[in-house]
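Whole structure, please, built from the sequences with the hints as guidance.
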Amino acid sequence: MDKAARAAATAGAAMKVLEAADVARIEHLLVECSKEANRIVNEREYGEGKIPDDKECMRVVGYNKNGDPIRRQAELGTMKHEVAFACVRREVLRLFPENVSIEPRYSGDAKSGGPALTNQWTGSKKPDVVLHATNQPLQIQCIFDLKFPCTGNSKAEPFTSGDTRRQMSRYEDLGGKCKPAIITPQLGVVRE
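Every letter in the sequence shown is one number past the one before it in the numbering used here, and letter 35, counting from 1, is 70.
Bear in mind the hints are in silico, worked out from the structure with no lab data behind them.
No residue lacks a Cβ here, since even glycine has one placed at the ideal position from N, Cα and C.
Accuracy of the hints is not assured; some may be wrong.
To be verified - Here are the computed distance ranges between Cβ atoms for each label pair:
no.: 1; residue 1: Cys213; residue 2: Leu128; range: 16 to 22 Å
no.: 2; residue 1: Gly84; residue 2: Asp208; range: 40 to 46 Å
no.: 3; residue 1: Thr169; residue 2: Glu78; range: 35 to 41 Å
no.: 4; residue 1: Asp57; residue 2: Gly102; range: 42 to 48 Å
no.: 5; residue 1: Gly102; residue 2: Thr169; range: 43 to 49 Å
no.: 6; residue 1: Lys212; residue 2: Asn99; range: 35 to 41 Å
Here you go:
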């Protein structure tokens, strides 16, 4: 094999995308991490086998800098994300360290028309978990966002929130081979 052919083969190997079986395995692990985080935080906050009811989910626990109420469901969601991300690092990144990114921040790239990594918060998109070509976070394969619905209605219908629909639509703009999905402890992988 000549030098150019070896270089092309090496470049092809470096750009490897995950096989369908690997994506399915990662989806399974993400669901398990979601369930684990939900259980651990609920038990820590409410006791073994207990979950918050709708009234508790909607309870105001503080106010943001704009004076808008912060509800218990948002506070619980933040705690559950922390536990879930620790699980994703332990279970998913251990197996696929070069093909998975946790909370990368993307913006649009005017030159290429595709996504670009950024540190800017304003106008950027920050999915929870992104599967991508080996060491190529701009070559997106699949996008997942962890959701921890709290109220009975949101557990049964996680896309009832217009915010979730808009968020998934914005993630779809980043491209990828799969339609962006949410992961919930109750329903697993959900695509609209």
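Consistency of the hints with the structure:
| no. | hint | result |
| --- | --- | --- |
| 1 | Cys213 to Leu128: 16 to 22 Å | holds, 19 Å |
| 2 | Gly84 to Asp208: 40 to 46 Å | holds, 41 Å |
| 3 | Thr169 to Glu78: 35 to 41 Å | holds, 38 Å |
| 4 | Asp57 to Gly102: 42 to 48 Å | holds, 46 Å |
| 5 | Gly102 to Thr169: 43 to 49 Å | holds, 46 Å |
| 6 | Lys212 to Asn99: 35 to 41 Å | holds, 36 Å |
Checked against the numbered hints given earlier, the structure satisfies every one of them.
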